[in-house]
Amino acid sequence: MSHEETIELLDDYVSGELPEGERAEVEAHLHECGACREEAAALTALLAEAAALPRGIAPPRDLWAGIEARISPAAATQPAGEDDFKVIPFRPRPRWRPPQWVTAMAASVVLVVGSSLATMRFMGPRTPDGPAATLPQVVAAPPAQAGTPTAFAAFSPAEADYRQAIAELQAVLDARRAQLAPETVRTLEANLAIIDQAIRESRAALAADPDSRELTQMLSSVYDTKVQMLQKAVEL
Amino acid sequence: MFAAGAAAVLLAAPAAAQGRIDERRATPATGTVQVHNLAGSVRVVGWDRNEVHVTGTLGRGAERVEVQNEGGRLVVRVVNPPSQRGNRRRVEVQGTDLEVRVPDRKRVDVHTVSAEVEVRRVEGEVEAHSVSGGVAVTGSPRAVRAQSRSGEVRVDARTGSVRASSVSGEVSVAGTVGGRVEAQSVSGGVSVTAASQGVKVESVSGTVEVSSAAGRAEVQTVSGDIALTGRRLEGALRSVSGSVVLRGDVGRGGVEIESHSGDVELQLARSTSATVEMTTFSGGLENDFAGARITRASRREYRVVLGGGDARVRVTTFSGDVKLSGR
Amino acid sequence: MATMVVEQTESPSALTDVVRRAQGGDVAAFEQLYRENLNRVYAVCLRLCADGVKAEELTQDVFVRAWERLKSFEGKSAFSTWLHRLAVNVVLGEKRSETVRIGKIFSTDDLEQYDAPARRSDPGDAMDLERAIATLPPGARSVFVLHDVEGYRHEEIARMHGTAVGTCKAQLHRARRLLREALGR
Numbered sequence: 001m002s003h004e005e006t007i008e009l010l011d012d013y014v015s016g017e018l019p020e021g022e023r024a025e026v027e028a029h030l031h032e033c034g035a036c037r038e039e040a041a042a043l044t045a046l047l048a049e050a051a052a053l054p055r056g057i058a059p060p061r062d063l064w065a066g067i068e069a070r071i072s073p074a075a076a077t078q079p080a081g082e083d084d085f086k087v088i089p090f091r092p093r094p095r096w097r098p099p100q101w102v103t104a105m106a107a108s109v110v111l112v113v114g115s116s117l118a119t120m121r122f123m124g125p126r127t128p129d130g131p132a133a134t135l136p137q138v139v140a141a142p143p144a145q146a147g148t149p150t151a152f153a154a155f156s157p158a159e160a161d162y163r164q165a166i167a168e169l170q171a172v173l174d175a176r177r178a179q180l181a182p183e184t185v186r187t188l189e190a191n192l193a194i195i196d197q198a199i200r201e202s203r204a205a206l207a208a209d210p211d212s213r214e215l216t217q218m219l220s221s222v223y224d225t226k227v228q229m230l231q232k233a234v235e236l
Numbered sequence: 001m002f003a004a005g006a007a008a009v010l011l012a013a014p015a016a017a018q019g020r021i022d023e024r025r026a027t028p029a030t031g032t033v034q035v036h037n038l039a040g041s042v043r044v045v046g047w048d049r050n051e052v053h054v055t056g057t058l059g060r061g062a063e064r065v066e067v068q069n070e071g072g073r074l075v076v077r078v079v080n081p082p083s084q085r086g087n088r089r090r091v092e093v094q095g096t097d098l099e100v101r102v103p104d105r106k107r108v109d110v111h112t113v114s115a116e117v118e119v120r121r122v123e124g125e126v127e128a129h130s131v132s133g134g135v136a137v138t139g140s141p142r143a144v145r146a147q148s149r150s151g152e153v154r155v156d157a158r159t160g161s162v163r164a165s166s167v168s169g170e171v172s173v174a175g176t177v178g179g180r181v182e183a184q185s186v187s188g189g190v191s192v193t194a195a196s197q198g199v200k201v202e203s204v205s206g207t208v209e210v211s212s213a214a215g216r217a218e219v220q221t222v223s224g225d226i227a228l229t230g231r232r233l234e235g236a237l238r239s240v241s242g243s244v245v246l247r248g249d250v251g252r253g254g255v256e257i258e259s260h261s262g263d264v265e266l267q268l269a270r271s272t273s274a275t276v277e278m279t280t281f282s283g284g285l286e287n288d289f290a291g292a293r294i295t296r297a298s299r300r301e302y303r304v305v306l307g308g309g310d311a312r313v314r315v316t317t318f319s320g321d322v323k324l325s326g327r
Numbered sequence: 001m002a003t004m005v006v007e008q009t010e011s012p013s014a015l016t017d018v019v020r021r022a023q024g025g026d027v028a029a030f031e032q033l034y035r036e037n038l039n040r041v042y043a044v045c046l047r048l049c050a051d052g053v054k055a056e057e058l059t060q061d062v063f064v065r066a067w068e069r070l071k072s073f074e075g076k077s078a079f080s081t082w083l084h085r086l087a088v089n090v091v092l093g094e095k096r097s098e099t100v101r102i103g104k105i106f107s108t109d110d111l112e113q114y115d116a117p118a119r120r121s122d123p124g125d126a127m128d129l130e131r132a133i134a135t136l137p138p139g140a141r142s143v144f145v146l147h148d149v150e151g152y153r154h155e156e157i158a159r160m161h162g163t164a165v166g167t168c169k170a171q172l173h174r175a176r177r178l179l180r181e182a183l184g185r
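Residue numbers (the working numbering), protein chains in the order written: chain A, 1 to 236; chain B, 1 to 327; chain C, 1 to 185.
Keep in mind that a hint or two might mislead.
Which bits of chain C does chain A cover? Going by a derived footprint, with three or more residues having C-beta under 8 Å, they are [said to hold, decoys possible]:
1) 25 to 33
2) 55 to 68
3) 145 to 155
4) 165 to 176
In the EDC-like style, the derived pairs of lysine to aspartate or glutamate whose C-alpha atoms are separated by at most 16 Å in a straight line are [unchecked claim]:
5) Lys232/A to Glu182/B
6) Lys76/C to Glu155/C
7) Lys323/B to Glu265/B
8) Lys323/B to Glu301/B
9) Lys76/C to Glu94/C
10) Lys169/C to Glu17/A
11) Lys169/C to Glu189/A
12) Lys323/B to Asp288/B
13) Lys323/B to Glu277/B
14) Lys169/C to Asp12/A
15) Lys232/A to Glu189/A
16) Lys323/B to Glu286/B
These stretches of chain A come out as covered by chain B in the derived footprint (C-beta under 8 Å, 3 or more residues) [what the hints assert, rightly or not]:
17) 175 to 185
18) 190 to 197
19) 208 to 218
20) 228 to 236
No lab work stands behind these hints, which were simulated from the structure alone. Note that beta-carbon positions come from the ideal geometry of N, C-alpha and C, so glycine has one too.
Turn these sequences into a full structure, and let the hints steer you where they fit.
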């Protein structure tokens, strides 16, 4: 088997997915070709590492409440149709989680990136373009001790909650869009844009001054407004 | 809800097109009267007889008006031909104008699509829903719940509580409310001038004006401007880009104002005794209140003492300016 | 790891008491199943979508879907296997609809952009495999996660994605190459 042909088959070879005949041919080539041996060894190492990844990862917070709200028998027996959107769960979000929460969060470490930081939260959003942009975003507790995170870092679990609530509501609203008057949709859109702008501004300010409780409160408040507005919008 | 499928048990003789309506039913003093009319108008007026009297003009194309007992409620319904069902032929139906006299202690429940709704002199609870028609409630009902999508909603009554909402129409609540007023809109303006125990208003882009004689006001908008006027003001006002104006003086419960980019104006009576605590990220503070004592508590916090500094006003803005003046 | 590929023909004992009770509408029993399987479901959601917040959402969707479809579980495989498969379908289904939904009507938060500087890792900061997987392009990432981490076969992955086996193999090749580059090997 030629070098090129072997390279083609290496992926399947290391995964053990080659039929007997081809496997023997690849192995024969590997005896002769150092470059292919190296390649195969590197691939095997990668596979071993992948297979050794933990099968389970604990989420940073328990997710049962949100599930339970959606599977309660009452919700399940709701007739389908127009009222569907009403069974979408929504639980009021705390505007500000007490600092104790932070300690709890620190306990449920999601991902430790080979560094000395103990509390890291993996919440990397996925953007389709560019490896740099798709690096998982690690919102770390401040480079201080885990016990004294910045106001911003401490807010991040709450922010995740807000974003989840927003995503849930947004999906419901998207689904109901056709039932709303175009004028109403425009008004909602324009105002969501205003809120998003406010979120961006508050967030940028907070990123520059992550210790500010006032800014954290402001950001929290704008998120609150967004959740409430969406909540109202889905009930229209 | 408007389906005319069910066979009517007690129904009026089929009325001729555009015919006069004149239906009477004896009924107990209490209980519920429900009125359904797609288009045209509905006026419900309370009187002191134990009788429902339906008058008006049947719209061209409408079949009849039925008045019947359904599960303990007296239901008045304009029946239209089932055009959407079997025959594809589009049937033009004109609006029907109904005037329904009801025992004044009845609970009244009106549902329309484009019909205007008016309820007067009813003392039971009033519930009125329209899609595009306006809704107006006066008199002294026990409680009012009035709703429209694009129509105007007006309540001017002496009542226990009010819940009024519209999506794009204006909402106004006046009179005297023993309990609370709740009003909602998306783009329509909201005006509450009723005296009440408390007011809660939510709007998206609609302007909100509350001038309450008493009670705590909770107002939230995104881009709508908010104005709260009156004596001994108390409450919480929140907006994202809308401005917030407070006019009058502040009650013991204090006022809390939050705005992201909207400006905040405090036009306070000269006799006001309050401490204004203000937090802003990039907004400015402009003071025209003579005798105000301003200190800067921290980089982003100001403290303004007016008179004895009794009541508390808390203002938080991100970039909105705060203007303080005496009046 | 690779064993889970096989449709385990376990005896109907996979219809454990807890599963049966959950099928009968017992929420407490279902909660127990949730507790037992949460970390695995979350892990596969997280690895497939590379977004912690989204993964939480998807995890909840998976369990809600599981509850709705619980009756269709006949015990032909382990419950955890059934659930895992369901999770993959939920995540992949979500990805397909996502393209349609994003930017459909309402603007989504642009929160990410403010984190861009914080997200860039220090040069010289060695990346671990978990993070490197998250940096993969979506298609390559899901094939790698399903094939090399979770042990599904190309045929199944191709079916799940609605693509050809060849495409799937090409994506895997690409993923492995990108990962080795990212990890500096």
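Q) Straight-line Cα separation of Lys169/C and Asp12/A no greater than 16 Å? A) Holds, because 8 Å separates the two Cα atoms, which is no more than 16 Å.
Q) When you check the alpha-carbon spacing of Lys169/C and Glu17/A, does it fall within 16 Å? A) At roughly 11 Å apart (the allowed maximum being 16 Å), Glu17/A and Lys169/C satisfy the hint.
Q: Could you grab the alpha-carbon distance between Lys323/B and Glu286/B and see if it respects the 16 Å cut-off?
A: holds (5 Å)
Q. Are the Cα positions of Lys323/B and Glu277/B separated by 16 Å at most?
A. holds (13 Å)
Q. According to a criterion of three or more residues whose C-beta lies within less than 8 Å of a C-beta of chain A, is the stretch 25 to 33 of chain C covered?
A. holds (count 4)
Q. Taken at face value, is the distance from the CA of Glu189/A to the CA of Lys232/A at most 16 Å?
A. holds (14 Å)
Q. When you check the alpha-carbon spacing of Lys169/C and Glu189/A, does it fall within 16 Å?
A. violated (42 Å)
Q. Taking only the CA atoms, is the gap from Lys232/A to Glu182/B under or equal to 16 Å?
A. Distance ~14 Å between Lys232/A and Glu182/B Cα, so the pair holds.
(Q) Is the listed coverage of the stretch 165 to 176 of chain C by chain A valid when you require three or more residues with a beta carbon under 8 Å from a beta carbon of that chain? (A) holds (count 4)
Q) Are 3 or more residues of the stretch 145 to 155 of chain C near chain A, judged by a Cβ distance of less than 8 Å? A) Holds, because 6 residues of the stretch 145 to 155 of chain C bring their Cβ atoms closer than 8 Å to Cβ atoms of chain A.
**Q.** Claimed coverage, the stretch 190 to 197 of chain A by chain B - three or more beta carbons nearer than 8 Å
**A.** holds (count 4)
Q.
Under 8 Å between beta-carbons, do enough residues of the stretch 55 to 68 of chain C, three at least, approach chain A for the coverage claim to hold?
A. That given contact holds, which follows from 9 residues of the stretch 55 to 68 of chain C lying within Cβ reach (below 8 Å) of chain A.
Violated hints, in rising order: 6, 9 and 11; the structure is consistent with all others.
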